[in-house]
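J.: Sequence:
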Amino acid sequence: MVVDRVTMKSMELSGLELHCLIGDINHKLNQGYYVGSISSISRNSFSLKMRHPNLPDVILLLSTTGIWITKMNFRTFEDSPIISSMKSEIERAKLESIEQVGDERVAYLKFRHLDGRLRVLVAEFFRKGNVIVCDENNMIITILNPVEVRHRTLRTGMTYQSPPPRGINIFDLSIGDLLDLHDKELDQNMEVEKWLGRNVSLSKKYIEEIVTRAKMKHRKLSDTTNEDIEILFEFTRKLVFDVCAPSMHTPLVVLDITGRPANVIPFRLKSISGEAAYVPYETLMEAVDVVFSELLKEEGSSSRTVELDNKIAVLEHDYDQQNQAETEVIEKSNAIRKLAQELMTLSNVVTDTQDKSLSSVLEKNTSKIVTIAGRKFLEVVDESIPFDPRLPRTSSLLFDRAKELERGCQSIRNAKSKLIEQMQDLRKKADLLQKKAAVKLQVEKEWFERYRWFVGSEGLLCIGGRDASSNSAIIRKHLTDQDLVFHAEVHGSPFFVVKNVPTNGAEQFKISLLEAAQATVSFSRAWKDGLSVADAYWVFPEQVKKGAPTGQFLPKGSFVIQGKRNFVKGIEIGLALGVIVLEKKYALMCGPQEAVKRKSIAYCVLLPGGNDPTSLAKKFKQEMVGTCSNISEDFKDLLEYLKSLSIDEIIKTIPHGQSKILITKKGDLLARAVGEVHS
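Start counting the sequence shown at 0; every next residue gets the next number (numbering that gives the first Met the number 0).
Heads up, a few of these hints could be off.
Capping the alpha-carbon separation at 25 Å, the derived lysine to aspartate or glutamate pairs in DMTMM-like fashion look like this [claimed, not checked]:
| no. | residue 1 | residue 2 |
| --- | --- | --- |
| 1 | K219 | D176 |
| 2 | K48 | E622 |
| 3 | K203 | D222 |
| 4 | K27 | E90 |
| 5 | K337 | D354 |
Source of the hints: derived by calculation from the structure; they are not laboratory data. For clarity, every value in this text was computed on a predicted model and none was experimentally measured.
Turn these sequences into a full structure, and let the hints guide you.
T.: Structure representation (structure tokens):
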């Protein structure tokens, strides 16, 4: 069976597949993940960035078609009317659980705020779908698609009601249920697959698979016995077990006739012809991500070109009108020329305009002589040509008019050529917009990449705060007894933490301490103020007090330091920004020059002053592309990474304020790859 384009557009998750996906999501996110941010991808699709203090971020996609963990990063191409409410009600809340309602295509996502408030995000994946935010009492706070049908009404301010079950819960189905339904069915002429689909909550593809395995396709109920129903039950139970035990099978993505992902099946189904094209994936989650991400990508591409498509449609309409005008002019010209030729021929034998031969020629050419304001005209194809009793003269006037019309045709053709050029130009622009990724592969980041960070020359990880919130998170969540804490004697200084320093590390890792001190002062207000040197100090973790002294208040991100401060004075302010390889992926690292040099493929040395962050980011990107244009095969996809690197990502990595690039160099990582000795 070759899957057609319609199949892709109507791809739906079944209750069984939803059961598997929710199980996997709960397993992945049950360790203290909270909602860092929510964004709308489209009116019906939302991206929830799930964050964890120590684990990598996870992107959970929720739409009216399904819920899944994605490896993709989507751009917003259409705002949703409920995104503001979702943000205010769910952001920063911890995910407690995700539950499926029986075997129905409905999921409850429960979120708990620090103040104890519970919010329930209800997602319905049938018909047009729905996304609903409720409070702890199931009162609807916001709803994407209000519902008013016979069995329930859903609107803001009302209590949420689940939809009535479609059939017997497949996880509770017993042989007794099927036998009882079989005996009570009044329409014994009904086919087995229709009867099973009506009474059991299973999607069509699984119903067809069950009856195919049971060899009962197109069999009528009247032709079945209790033994047949028992066989049907066993095949149903076996299929449910197979789908819900994905580790035993290889999930498959079914391709349509264009080779695009169209549908997902947990394993090869006997009910689908062997001619279908498949691509295997390790997990059902990955397969679902591929298919639904492709659908979102297509939806995004179409929405990005709506304006251009409308302009093209207008030009196409104008082109059609010009075509029609050209056809009409050619027909007129041909008709006039034909009449002119016949009159010229007739003039050799006819001298009297009252001659019947003239009337016959005029009638045959649907033309006639009329008098307008005392003058005679020859009317032909809606044209009025002055009529002269001398037929050769009239014929000449007709030929002249035919030539005028033909010259007008050339003007129409020129206009058509311009329209074609305009349409081609717009189509090229539309193609470019569609090729621009509305979605790109999400690179899984390490937990420390949400902060300022670098790996020192001696291999120690150093992390620092970007703002008051991240300062607080670093000290409260990531500081251990084996770390050292750095701060600067400068307003707006971040806290930097050198992780996992061995015993007596202050003596053994002096270079790391100097580098951490330089990063601390360079990422402080000193950079924005254009200072050239500043002082920093370091302390042990137990010297950092997280609570304010009695009767005092500490702003967020501030801490009390007790005991001796170990100063590092006269530190030069300066950093380097380079491209490194981190866990088999490319990443940006900003830190002291020697640390960046040792780890990077290429880097730029930065000093305070000069360019605003956006200009600096653009210049850095240009410098990196130029430096890495002819590199080793070991970094063959580096250029692609650099070209796709966003300006915002670069700005997020560098210090606040103006910066300038002092010099651009190849790093030790590239030098080692090509066998050079880096000076």
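J.: Now, for every hint given, state plainly whether the structure supports it.
T.: Okay, the hints, checked on the actual structure:
1. Restraint check for K219 and D176: satisfied, since their Cα atoms lie roughly 19 Å apart, inside the 25 Å limit.
2. Restraint check: the Cα-Cα separation between K48 and E622 comes to about 32 Å, which exceeds 25 Å; the hinted pair is violated.
3. A threshold of 25 Å between alpha carbons decides the hint, and for K203 with D222 the separation of about 22 Å falls inside it, so the pair holds.
4. With a CA separation close to 19 Å, the supplied pair K27 and E90 stays within the 25 Å bound.
5. At roughly 20 Å between alpha-carbon atoms, K337 and D354 fall within 25 Å of each other, so this suggested pair holds.
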